[in-house]
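In the order they appear, the protein sequences are chains A and B. End of the first sequence sits at 413 in numbering that gives the first Met the number 0; the numbers just go up one at a time, nothing left out. End of the second sequence sits at 100 in numbering that gives the first Met the number 0; the numbers just go up one at a time, nothing left out.
Rather than coming from a laboratory, the hints here were simulated on the basis of the structure. Note that the Cβ used here is the ideal one computed from N, Cα and C, for glycine as well. Be aware that one or more of the hints could be misleading.
[Claimed, not checked] Each computed DMTMM-like pair below joins lysine to aspartate or glutamate, with the alpha-carbon atoms no more than 20 Å apart:
| hint | chain 1 | residue 1 | chain 2 | residue 2 |
| --- | --- | --- | --- | --- |
| 1 | A | K229 | A | E204 |
| 2 | A | K353 | A | D212 |
| 3 | A | K52 | A | E228 |
| 4 | A | K229 | A | D33 |
| 5 | A | K353 | B | E52 |
| 6 | A | K244 | B | D44 |
| 7 | A | K244 | B | D33 |
| 8 | A | K52 | A | D383 |
| 9 | A | K353 | A | E311 |
[Unchecked claim] If you only want the chain B side, here are some residues facing chain A, beta carbon under 10 Å, derived:
| hint | residue |
| --- | --- |
| 10 | Y18 |
| 11 | W36 |
| 12 | D38 |
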Amino acid sequence: MRGYSFPALVGRALRGHRGWPRAWRSAEPERTYDVIVIGAGGHGLATAYYLAKNHGITNVAVLEKGWLGGGNTGRNTQVTRSNYFWPQSAAFFERSLKLYESLSRELNFNVMLSQRGILTLAHSHHEMEALRRWANAIRINGIDSEVMTPAEIAKLVPLLNLDARFPVHGGFIQRRGGISRHDAVAWGYARAANALGVSIVQQCEVTGFDIADGRVAGVTTSRGSIAAEKVCICVAGHTSVLAAKAGFRVPITSMALQAMVSEPIKPCLDTVVLSPAIHAYVSQSDRGELVLGGGADGYNSYAQRGGIPLLEENLAALIELFPAFSRLRLMRQWAGIVDITPDTTPIMGATPVKNLYVSGGWGTGGYKAIPAGGETMAHTVAHDAPHPLIADFGLERFETGALIDEGAASGVAH
Amino acid sequence: MLRIPCPCCGERDEAEFRYGGEVPGSIPQTDVGDEAWADYLFARDNPKGLVHERWCHSHGCGQWFHVVRDTVTHRIHAVYGVGEPRPVVDCSNESQADGGR
Chain A
0 MRGYSFPALV GRALRGHRGW PRAWRSAEPE RTYDVIVIGA GGHGLATAYY LAKNHGITNV
60 AVLEKGWLGG GNTGRNTQVT RSNYFWPQSA AFFERSLKLY ESLSRELNFN VMLSQRGILT
120 LAHSHHEMEA LRRWANAIRI NGIDSEVMTP AEIAKLVPLL NLDARFPVHG GFIQRRGGIS
180 RHDAVAWGYA RAANALGVSI VQQCEVTGFD IADGRVAGVT TSRGSIAAEK VCICVAGHTS
240 VLAAKAGFRV PITSMALQAM VSEPIKPCLD TVVLSPAIHA YVSQSDRGEL VLGGGADGYN
300 SYAQRGGIPL LEENLAALIE LFPAFSRLRL MRQWAGIVDI TPDTTPIMGA TPVKNLYVSG
360 GWGTGGYKAI PAGGETMAHT VAHDAPHPLI ADFGLERFET GALIDEGAAS GVAH
Chain B
0 MLRIPCPCCG ERDEAEFRYG GEVPGSIPQT DVGDEAWADY LFARDNPKGL VHERWCHSHG
60 CGQWFHVVRD TVTHRIHAVY GVGEPRPVVD CSNESQADGG R
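Using the sequences provided together with the hints, build the complete structure.
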């Protein structure tokens, strides 16, 4: 792999940017691998990368039914934060944010992390009390968070209408939170993993599992059977579908989560603003588009498009908060299928089938977890034992009752 | 926008309804193990295709009922009352027909 650097950029620029090599090689499937990772989204690619880098397992294939980063990795709203409530989630997501902070150097690929802060609003006295408790819990977990008064918020976000239908009573900010470029995360991990020997096979859908004596021996795909010692499922919204093919059920409901962008405008919002109560959040991308989102559609769905009633609800809430945005046109609207667990904590680790692992249940907040998700799943697959950070995230918690009821997982209530 | 045929009030917009999730299996006996209870309480089929689900016409007659809907196309195939047997629905899964997307 040729490194990206300033001299390389200047050199190529002088030659008219001709001759940049391909960032990664799209491979043809071979007959056997040590590890197969299903799904070339952020989590799948990161898992493959850390398997190769941290554990020396390079005979790895990442199988993707569509194209690289074409699922939820390319459909989320790029929010990167670690303002979680429970100690287990806080430790995991803080590790992820720390990895994001050095990810561009780690991958030699600019993921454009912008730690512009993420501001969470409260619209009533009671909500403000709950928010204060949440903000304090974050601080006790050793993560930055600051409670803000309405006057401080007005200074930070001048366009915000504090006297909305549900007036802003205050909020809290995690200043290390922000956004990063989601496509770059997928491309960066793909390039770095490929350079270490990982094969990325696109247009290769897993149609079934080869299971003997309760142990996985490989997968059947749209391009033939492939043998593997270990298989890891990283398919977001389709976790239930693949689990069914392997003969077990998971506590997951798939729903459509939509997002949209406005036409590009001059810089006017330099932080991420989120309101759990009225289901809306917004940030401004480097291209000037406002990136908007809210709650998930309220029923099971595998259709990658959102419903109009929820779109209307999201936008009504947003325009009430930011009246200045009311004249903007929407450029695009889309949806991703999110896999929501009962406690909105991910499901990571072993499955009832030996040597088959799952990283799923990411719900509406999997993007921010990509680096730590990949790192811990690689450890789990390599050692056949859960990484300490995800020891409590296993499927068995639904039997023991040790749920991690993480209301902060989505930031907005779903 | 889903248009849901309420058995009492007729076809109405989804905004009038409350979703009750997938229809679960039957309640296990009290003496079964944690595994069976976890499966009943938390595990879901979450099918890509036809799902049997509960809806309540909360802004109408207030009645709960069951709907058979395709989770890819959102087409509603059948509606039946609580306690009624599952209707036989044509299983030519249209989700497969459009490439499974």
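Discussion item. Interface hint check: W36(B), Cβ to nearest Cβ on chain A, cutoff 10 Å. Holds or violated?
Written reply: Where the cut-off is 10 Å and the nearest Cβ of chain A is about 8 Å from W36(B), the hint holds.
Discussion item. Between the alpha carbons of K244(A) and D44(B), is the straight-line distance 20 Å or under?
Written reply: The hint holds at about 12 Å.
Worksheet item: Against chain A, is Y18(B) within 10 Å by beta-carbon distance?
Response: It holds, given that the least Cβ distance between Y18(B) and chain A is near 5 Å, below 10 Å.
Worksheet entry | Restraint check, 10 Å cut-off on beta carbons, for D38(B) near chain A | holds, 7 Å
Item to complete: With a cut-off of 20 Å on the C-alpha distance, tell me whether K244(A) and D33(B) pass.
Response: violated, 24 Å
Worksheet item: Does the structure keep K229(A) and E204(A) at a Cα separation of 20 Å or less?
Response: Holds. K229(A) to E204(A) sits at ~17 Å (cutoff 20 Å).
Discussion item. Just to be careful, I want the Cα atoms of K229(A) and D33(A) compared with a cutoff of 20 Å; is the pair within it?
Written reply: holds, 6 Å
Worksheet entry | Pair hint outcome, K353(A) versus D212(A) [Cα-Cα no greater than 20 Å] | At roughly 9 Å apart (the allowed maximum being 20 Å), D212(A) and K353(A) satisfy the hint.
Discussion item. Against the 20 Å threshold, does the CA-CA distance of K52(A) and D383(A) hold or violate the hint?
Written reply: Between K52(A) and D383(A) the Cα gap is close to 17 Å, so the pair holds against 20 Å.
Discussion item. So if I understand the rule, the pair passes when the alpha-carbon distance is 20 Å or less; does K52(A) with E228(A) pass?
Written reply: holds, 19 Å
Worksheet item: Is K353(A) close enough to E311(A), meaning Cα to Cα at most 20 Å?
Response: violated, 46 Å
Worksheet item: CA of K353(A) to CA of E52(B), is that 20 Å or under?
Response: violated, 32 Å
Of the numbered hints given earlier, the model fails hints 5, 7 and 9; all others are met.
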